[in-house]
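Chemist: Chain residues, written in single-letter form:
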Amino acid sequence: MIKLSTLAVRNIKRNFKRYVMYFFSLCFSVFTAYTFFALMENELVSNAFTYDDRYRALLLAFGIIIMVFVMFFLISSNNSFIKARKKEISTYSLFGMTNRKIGRLLFMETMIVGLTALALGIGIGIFFSKLIAMILLDISLASFTGDIEFSIAFKAIYITGIIFLAIFCVMGLSGLRVINKFELVDLFKADKVSEGNSRGSITALALSLLLIGTGYYLASIKNYFLVVAAIPILVLVISGTYLFFWGGLPRVLHLIKKNKGRHYRDVNLISISMFTHKIKTIASTMATIAVLSAVATTAIATGFTLYSSIEKNTYDTNGYDMYFYGGQEEVLDYIYKAFEKHNVRIIDEYTTQRYKCSPEVEPIVVEGRELTFGQDNYFRVYSESEYNRLISVSRSQLRPVYIKPGEAMFGYPGVINDLEDTIVGKLLSFSSDLTIEITSVTQKDILTFGAFYTLVLNDNDFNILNHSGDIIATDRNGDPLDRVTVFKYENPLKSGDLNADFIQILDGKTGSYRTAYNHYNESLETFGLICFIGFFMSGVFILMTASLLYFKQIMAAEEEQHQYKMLRKIGLSTEIEKRVITKRLFPVFLIPLLIGIIHSVFAMKAADTMIFSNMLPVDNSYIVVLSFSAVMYAAYALVYGIFYFITKGQYSRIVK
Amino acid sequence: MQILRVENVSKVYGSKKSSKQYMALKNISFDVNEGEFIGVMGPSGSGKTTLLNILGSIDKPTTGRLIMDHRDITGLSKDQLAVHRAKKIGFIFQDYNLLETMTLKENIILPLALAGYKTRVMENKLNSIAEDLGIKAILDKYPYEVSGGEQQRAAACRALITNPKLILADEPTGNLDSKSGKDLLELLTFINREYKATILMVTHDVFAASYCHKIMFIRDGEIYNELYAGDDKKQFFDSIIDVLSVLGGERI
Ligand SMILES: Nc1ncnc2c1ncn2[C@@H]1O[C@H](COP(=O)(O)OP(=O)(O)O)[C@@H](O)[C@H]1O
Ligand SMILES: [Mg+2]
Numbered sequence: 001m002i003k004l005s006t007l008a009v010r011n012i013k014r015n016f017k018r019y020v021m022y023f024f025s026l027c028f029s030v031f032t033a034y035t036f037f038a039l040m041e042n043e044l045v046s047n048a049f050t051y052d053d054r055y056r057a058l059l060l061a062f063g064i065i066i067m068v069f070v071m072f073f074l075i076s077s078n079n080s081f082i083k084a085r086k087k088e089i090s091t092y093s094l095f096g097m098t099n100r101k102i103g104r105l106l107f108m109e110t111m112i113v114g115l116t117a118l119a120l121g122i123g124i125g126i127f128f129s130k131l132i133a134m135i136l137l138d139i140s141l142a143s144f145t146g147d148i149e150f151s152i153a154f155k156a157i158y159i160t161g162i163i164f165l166a167i168f169c170v171m172g173l174s175g176l177r178v179i180n181k182f183e184l185v186d187l188f189k190a191d192k193v194s195e196g197n198s199r200g201s202i203t204a205l206a207l208s209l210l211l212i213g214t215g216y217y218l219a220s221i222k223n224y225f226l227v228v229a230a231i232p233i234l235v236l237v238i239s240g241t242y243l244f245f246w247g248g249l250p251r252v253l254h255l256i257k258k259n260k261g262r263h264y265r266d267v268n269l270i271s272i273s274m275f276t277h278k279i280k281t282i283a284s285t286m287a288t289i290a291v292l293s294a295v296a297t298t299a300i301a302t303g304f305t306l307y308s309s310i311e312k313n314t315y316d317t318n319g320y321d322m323y324f325y326g327g328q329e330e331v332l333d334y335i336y337k338a339f340e341k342h343n344v345r346i347i348d349e350y351t352t353q354r355y356k357c358s359p360e361v362e363p364i365v366v367e368g369r370e371l372t373f374g375q376d377n378y379f380r381v382y383s384e385s386e387y388n389r390l391i392s393v394s395r396s397q398l399r400p401v402y403i404k405p406g407e408a409m410f411g412y413p414g415v416i417n418d419l420e421d422t423i424v425g426k427l428l429s430f431s432s433d434l435t436i437e438i439t440s441v442t443q444k445d446i447l448t449f450g451a452f453y454t455l456v457l458n459d460n461d462f463n464i465l466n467h468s469g470d471i472i473a474t475d476r477n478g479d480p481l482d483r484v485t486v487f488k489y490e491n492p493l494k495s496g497d498l499n500a501d502f503i504q505i506l507d508g509k510t511g512s513y514r515t516a517y518n519h520y521n522e523s524l525e526t527f528g529l530i531c532f533i534g535f536f537m538s539g540v541f542i543l544m545t546a547s548l549l550y551f552k553q554i555m556a557a558e559e560e561q562h563q564y565k566m567l568r569k570i571g572l573s574t575e576i577e578k579r580v581i582t583k584r585l586f587p588v589f590l591i592p593l594l595i596g597i598i599h600s601v602f603a604m605k606a607a608d609t610m611i612f613s614n615m616l617p618v619d620n621s622y623i624v625v626l627s628f629s630a631v632m633y634a635a636y637a638l639v640y641g642i643f644y645f646i647t648k649g650q651y652s653r654i655v656k
Numbered sequence: 657m658q659i660l661r662v663e664n665v666s667k668v669y670g671s672k673k674s675s676k677q678y679m680a681l682k683n684i685s686f687d688v689n690e691g692e693f694i695g696v697m698g699p700s701g702s703g704k705t706t707l708l709n710i711l712g713s714i715d716k717p718t719t720g721r722l723i724m725d726h727r728d729i730t731g732l733s734k735d736q737l738a739v740h741r742a743k744k745i746g747f748i749f750q751d752y753n754l755l756e757t758m759t760l761k762e763n764i765i766l767p768l769a770l771a772g773y774k775t776r777v778m779e780n781k782l783n784s785i786a787e788d789l790g791i792k793a794i795l796d797k798y799p800y801e802v803s804g805g806e807q808q809r810a811a812a813c814r815a816l817i818t819n820p821k822l823i824l825a826d827e828p829t830g831n832l833d834s835k836s837g838k839d840l841l842e843l844l845t846f847i848n849r850e851y852k853a854t855i856l857m858v859t860h861d862v863f864a865a866s867y868c869h870k871i872m873f874i875r876d877g878e879i880y881n882e883l884y885a886g887d888d889k890k891q892f893f894d895s896i897i898d899v900l901s902v903l904g905g906e907r908i
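Residue numbers (our numbering), protein chains in the order written: chain V, 1 to 656; chain Z, 657 to 908.
Derived from the structure by calculation, the hints contain no laboratory data.
Ideal Cβ positions, reconstructed from N, Cα and C, are used throughout, including at glycine.
Treat each hint with caution, since some may be false.
[What the hints assert, rightly or not] Under the rule of at most 30 Å between Cα atoms (straight-line distance), these lysine-lysine pairs were calculated in the DSS-like manner:
hint : chain 1 : residue 1 : chain 2 : residue 2
1    : V       : K258      : Z       : K797
2    : V       : K605      : V       : K312
3    : Z       : K781      : V       : K565
4    : Z       : K676      : V       : K656
5    : Z       : K890      : V       : K565
6    : Z       : K676      : V       : K578
7    : Z       : K792      : V       : K258
8    : V       : K583      : Z       : K852
9    : Z       : K792      : V       : K181
10   : Z       : K734      : V       : K578
11   : Z       : K821      : V       : K648
12   : Z       : K821      : V       : K656
13   : Z       : K792      : Z       : K774
14   : Z       : K774      : V       : K565
15   : V       : K569      : Z       : K743
16   : V       : K569      : V       : K312
17   : Z       : K781      : V       : K260
18   : V       : K578      : V       : K341
19   : V       : K258      : Z       : K781
20   : V       : K583      : V       : K87
21   : V       : K280      : V       : K509
[Stated by the list, open to error] Simulated restraints on C-beta separations:
hint : chain 1 : residue 1 : chain 2 : residue 2 : range
22   : V       : E558      : Z       : L732      : 28 to 36 Å
23   : V       : L638      : Z       : F846      : 31 to 39 Å
24   : V       : K86       : Z       : R721      : 52 to 60 Å
Turn these sequences into a full structure, and let the hints steer you where they fit.
Modeler: In structure tokens form, the structure reads like this:
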């Protein structure tokens, strides 16, 4: 009588090929878990973030998502692994092993593999912990220069260990459930009866497309209703996706099979029927992969877009490297000294008077509400040449304007959408019977300096209205308005020390001040973290989903082996065989990826409406978002493609 | 007309160095003429399947030549052999070897689809053969939905659809009950007669063998004897039994 543990080790050796991929993804999930717990523990990392709580909450939320997913992945691959070993297990049973004992045997195998992976994953995690913390800080904090010490996070090891041991136990129990469902007669039943063939249904196909389509439609609505609709959209699209893979895709394949000209051509006959034969057993996996790919690609695309547009966004909201109004007499000298001290060259600077005016405006109604202009909602007003001079100091990409007499450009903050149509053509009347028509609008508004709206007038009109007292340089108490000073200097986003000095000089001594450096770094902290998490999460998702697919295809290869043998007997050449294998495996990988990416494209549309359209100062921000996203989609597809080739290589080797 | 010539074919299993070498065929030579229906009989392990696999170019002989249609096929590469098999030879196996992922219809037209035929042509060929072989009604079923006899008919259809010169059948009735076995044999006779197909059938069933025109007996990898069918079927049957009893070995 051999010992159970000897048998377990022997089984692992024999099933090595099947275990390899599973083992690697297990290692990677342990590595991820350890890394995240270690990051959360790391004082230097958490201290480096000003928004400590938010950072913790984000990491925690991410950790929970990953763990739930890892559990799903492990249990599902374990169960399909057990199913693939049905014959072997039934044989044990035939020779008198009780189900409990078989369960113990399998549990032992799981534990041996699991504990090895646990040790290795944590080892790798410790080894790379310094590097990962550095990467996180590097992409999140422009100013971070400190050195992170190599450390072993014992608490993280402890938590990771407990979590994974718990998962292994759940796996063992769920495996036992699978074993109990086996019937001994299955051993003697022919393998040939189809388990996976399905014709699908046209209703399921139509319904799935309807669900997904409705989700897409809601996601593309350009409206704040989107925030409310987020959950319904997710429910619609996810349920639609599963329904599509369960009932819709089989129907599509059935329809393809009906099209004889296509179906009977070349190797389609073999590949499509092998695929349809397995569709039921792989439908859920494919749907899950589609959904997860959508999540992962959306995460990295959002992160990347945000991250890439931080600099642009900085200048679109802040405008200048540095500006302040009021207190020039007191601070300017110190400012110049600070520049000198840090050896930073001033590229340009300009100081100018702020003016305001409050003309009568024809009623403007936006989405049922009337915009009001009055004492509080006055206009900051500029002459054309003043405006052009100011923006020449700015780093935002505004172009000089030319305003004809009697016309004006109206500027308003980006948060209000689609004002243009209602506002152009409206008349402004002043006390000196000059009437001016709004002929253009701009949403980029970096000249408000304390006001809500801006007006740019023709130089001559400006002078007339200034003389007539319509345009004034005093506030409601009659005190003079502060002058504004803007600066443009070298390396503004990297000069942390200079910036620190500015804050010291300006704080409390001026009406208001802003630096691009501050804005940039605050954004970087948040978006850098999001970006980092996005990449990490995508890494985990792609590795697990792809290895699940790998796993299923390897099982399929073992079952399909004899079919290839048969085909070779009736004259299948190696070249045709390669084509059969390609056509057999390609759709399994491509369809979920494609659907995931299409989902993501619409998700990015929603993200564009909610976030990017206000952030990105271009007319069609969606195009910009999509082009950033496309880079990430390509990267994702590339990694995914590598798994396809690994799987194909292994599949080909098995059916040889 | 001669379509196949087997010249001094031997087959050795096991690597040359190892002591576990086994000579499954020993210097076999014979000719097959067009239109013949040949039975191959012999005790279990005598080398019948080995011979058939070599004839069908599924396996390569260790020494000797195989000439089919005046072409030496022993020197061909693996892929050339695959093309040769697809064009010239039809196989019927004991366990049918239909792909369970396909309907009978798809299984049957598979060789044509791989050869790139047009759908119309495929369907025409399929229809006439399926009609002749009496499986038209079940064409859209999957192998696991029909009986063994019907599966074997479909396999015969598949073997026939490319109009092969030679049909090789390895114990085609082995898994069938006697009624289905008889039906299949009549089918093979029909194919041999109507389609002018040359058939080589391995069998250990005397009743099955009695349908052939000629029987080759193999023992220990060598041709032991040959028998030709005369006009009297009963007499042919008896002489097969006589040879087999001399040949010895288990009948199954
Ligand atoms: N692949 C193989 N490797 C080694 N020996 C083999 C192989 N295939 C068949 N043999 C041996 O060759 C002999 C002939 O086998 P076979 O042609 O299958 O006999 P049968 O007449 O029963 O069909 C047998 O002794 C068998 O053990
Ligand atoms: Mg045999």
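Chemist: Each hint: holds or not?
Modeler: Taking the hints in turn, this is what the structure says about them:
1. V:K258 to Z:K797: holds, 14 Å
2. V:K605 to V:K312: holds, 20 Å
3. Z:K781 to V:K565: holds, 26 Å
4. Z:K676 to V:K656: The given pair, whose Cα atoms are some 25 Å apart, holds under the 30 Å limit.
5. Z:K890 to V:K565: violated, 40 Å
6. Z:K676 to V:K578: violated, 35 Å
7. Z:K792 to V:K258: Measuring from Cα to Cα gives roughly 18 Å; hence the hint holds.
8. V:K583 to Z:K852: Given pair K583 of chain V, K852 of chain Z is violated - Cα atoms ~37 Å apart, limit 30 Å.
9. Z:K792 to V:K181: This hinted pair is violated, its Cα atoms lying about 39 Å apart.
10. Z:K734 to V:K578: holds, 14 Å
11. Z:K821 to V:K648: Answer violated: K821 of chain Z to K648 of chain V is near 36 Å, above 30 Å.
12. Z:K821 to V:K656: holds, 28 Å
13. Z:K792 to Z:K774: Roughly 20 Å separates the two Cα atoms, so the pair holds.
14. Z:K774 to V:K565: holds, 26 Å
15. V:K569 to Z:K743: Within the cut-off at roughly 12 Å; holds.
16. V:K569 to V:K312: violated, 64 Å
17. Z:K781 to V:K260: holds, 15 Å
18. V:K578 to V:K341: Between K578 of chain V and K341 of chain V the Cα gap is close to 70 Å, so the pair fails against 30 Å, i.e. violated.
19. V:K258 to Z:K781: Holds, at roughly 19 Å.
20. V:K583 to V:K87: holds, 29 Å
21. V:K280 to V:K509: violated, 71 Å
22. V:E558 to Z:L732: 28 to 36 Å: holds, 31 Å
23. V:L638 to Z:F846: 31 to 39 Å: The hint (31 to 39 Å, Cβ to Cβ) is violated, given that L638 of chain V and F846 of chain Z are roughly 58 Å apart.
24. V:K86 to Z:R721: 52 to 60 Å: violated, 47 Å
The structure fails to meet hints 5, 6, 8, 9, 11, 16, 18, 21, 23, 24 from the earlier list, while all remaining hints are met.
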